[in-house]
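*Asks:* Those protein sequences? They're chains A and B, same order as listed.
Each residue of the first sequence is one higher than the one before, starting from 0 at the first, in numbering that gives the first Met the number 0.
Each residue of the second sequence is one higher than the one before, starting from 0 at the first, in numbering that gives the first Met the number 0.
Calculated from the structure, these hints are not laboratory results.
For glycine and all other residues, C-beta sits at the position ideal for the given N, C-alpha and C.
Any given hint could turn out to be false.
[Unchecked claim] Far from chain A, by Cβ distances over 10 Å, these chain B residues were calculated:
hint: 1; residue: Arg27
hint: 2; residue: Leu62
hint: 3; residue: Leu64
hint: 4; residue: Ser66
hint: 5; residue: Arg156
hint: 6; residue: Ala274
hint: 7; residue: Arg283
hint: 8; residue: Phe286
[To be verified] Calculated Cβ distances over 12 Å to all of chain B for the following chain A residues:
hint: 9; residue: Ala133
hint: 10; residue: Ala134
hint: 11; residue: Leu135
hint: 12; residue: Ile160
hint: 13; residue: Ala165
hint: 14; residue: Met201
[Said to hold, decoys possible] Facing chain A, from chain B, some residues (calculated, C-beta under 10 Å):
hint: 15; residue: Ser124
hint: 16; residue: Thr139
hint: 17; residue: Ala183
hint: 18; residue: Ala215
hint: 19; residue: Thr234
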Amino acid sequence: MVSEVTGTAQPDDGAAGGLRGQSRTQKVVLAGVFSGMVILLGLVPSIGFIPVPTPAGNATTLHIPVILAGMLAGPVVGAVVGLTFGLFSFLRATTPIFKDPLVAILPRLFIGVVAWAVYAGALRARRGLLVVIAALAVFLAGSFAWQVHLHRPTLGSIYLILVLAAGAALVYFLWAGKPEAVAVVAGAVLGSFTNTALVLGMAALLGYLPVQGVLLVAITHGIPEAIVAAVIASAVIGALHGTTGRQRSDL
Amino acid sequence: MQDLDFLRHITLGQYFPRRSVVHALDPRVKLLGVALLAAAISFNASYAANAILLAACFAIALLSLISPLYILSGLRPAIPFIVFFALIQVAFFTGPYGPTLHPRQLLHLGALVVTDSGVRLVLISVARLLELWLLTSLLTNTTPISTLAGGLESLLRPLSALGFPSHDLALVFTLALRFLPVFALELEDTMKAQISRGVQWNSGRLAFVANSRRIAALLVPLFVDALRRAEGLATAMEARCYVSRRRSIGGKGHTSLLYLRFQARDWVALAALSAFAGALILCRNAFPW
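Can you make the complete structure from the sequences, with help from the hints?
*Replies:* What follows is the structure, encoded as structure tokens:
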């Protein structure tokens with residue numbers, strides 16, 4: 000892609016390269032651009048959501064620019080883009096649940112912050128600490144999947160397989176010494192879970208949904224959204240940093 | 000295959016040009032008015048207050064020469080969801096809500112208990128939805144978005160004395176809106192390029208993996224392009240000596256093209272809205288019903 004300003008091909012360092020050395024102007028522009036992405040994904044239906052075989056029908060992708068903003072530009076930019084996501088969700092809401100700013104706006108502020116914290120933390124942590132945390136996460140996810148399995152065997156088996164696959168992938172990546180891939184996926188998954196957990200938590204707290212319904216929606220929506228977020232976030236950051244070794248796509 | 004024309008999707012809140020009182024008001028008055036009325040809506044859980052508020056929202060719509068029923072027709076596709084959630088709420092909500100301290104049971108069907116508090120919660124939620132939908136729609140129907148952004152920045156300007164980056168926030172909002180058509184066109188081009196190279200568009204609920212891969216293939220070039228544009232824009236702005244308000248050259252801060260000034264009718268409207276919302280908030284416990 001040719002840069003609009005100078006007319007020459009730009010290397011993608013600077014704003015895309017890392018959190019260090021980003022000037023205030025760069026942060027403002029990044030926040031604006033990612034906010035524009037959120038609004039675009041919300042307005043264009045083909046890419047705003049992905050049909051999944053669940054009751055509500057669709058897993059949304061609007062949280063992905065927020066996660067990417069947090070990881071690429073820091074917690075403040077992540078919070079601002081989260082604010083845009085929340086405001087947009089509030090203004091476009093047609094159900095009473097999301098017409099409440101405490102449910103629509105407040106939880107969304109944390110998506111970018113959590114994504115940044117996990118991403119930056121995982122990049123800087125020593126490998127031993129990462130292994131311990133990863134083992135803990137796999138254990139927790141596995142025991143949760145086992146509980147689900149006890150109540151609903153088919154769903155539980157699927158989740159058990161997913162957890163085992165995720166655990167195997169984690170082990171491979173940590174062993175192969177590619178903490179960046181783990182950091183990106185962890186940041187994306189936890190950022191997505193922040194969105195799911197906090198929004199549904201506020202909805203349950205304020206009485207909009209019963210707790211069982213909240214758990215059901217959290218599982219059926221939260222997990223596909225987390226997977227989608229991880230896939231897209233790692234693809235984008237891989238394209239920017241060359242982590243996966245593939246060529247950047249120049250359209 | 001769905002339409003490939005995305006530009007017509009990105010009208011963010013339709014603007015209807017009319018010669019009405021509301022259209023001519025300062026955007027700051029409209030923003031503050033919506034905020035005040037939203038506060039009044041949040042604090043009032045009685046049927047009487049919500050009837051008054053709903054009537055007020057209808058009145059504002061009529062004052063702006065826009066039909067309130069037309070605005071509410073935008074909710075029509077969501078009616079099944081609203082009904083569904085209402086039924087769930089009324090069946091499972093058992094706590095107290097509103098003026099009554101002890102909820103009275105109205106229906107008892109095994110595990111499902113319907114109380115008058117539950118019914119109140121559902122009806123008030125729907126009323127609030129209608130009121131907020133009318134207010135937010137009217138805000139964008141009577142004010143162009145760029146004017147709204149200027150009004151928002153002006154309102155936040157006092158906070159910048161405390162270090163709150165109000166100018167930067169307003170710029171973020173403006174940039175987001177500025178880039179919408181750019182991204183929409185970019186997305187269109189990417190989609191057309193991929194389709195012309197034979198990408199299959201599987202619709203259908205079990206094509207989850209294929210669909211997410213397709214969307215990833217669309218979003219990745221979009222993000223990469225967006226980041227390159229962001230970098231170029233930031234460089235251009237800095238090359239033209241853009242700095243944030245606090246550290247601006249000469250210390251005077253930024254001037255803007257849009258110059259907002261209150262007039263008599265703005266003060267009158269603001270006073271009326273403040274009095275109305277204030278009265279409703281202060282007397283929220285005085286409504287018996």
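*Asks:* Where does the structure disagree with the numbered hints, that is, which hint numbers, in rising order?
*Replies:* none
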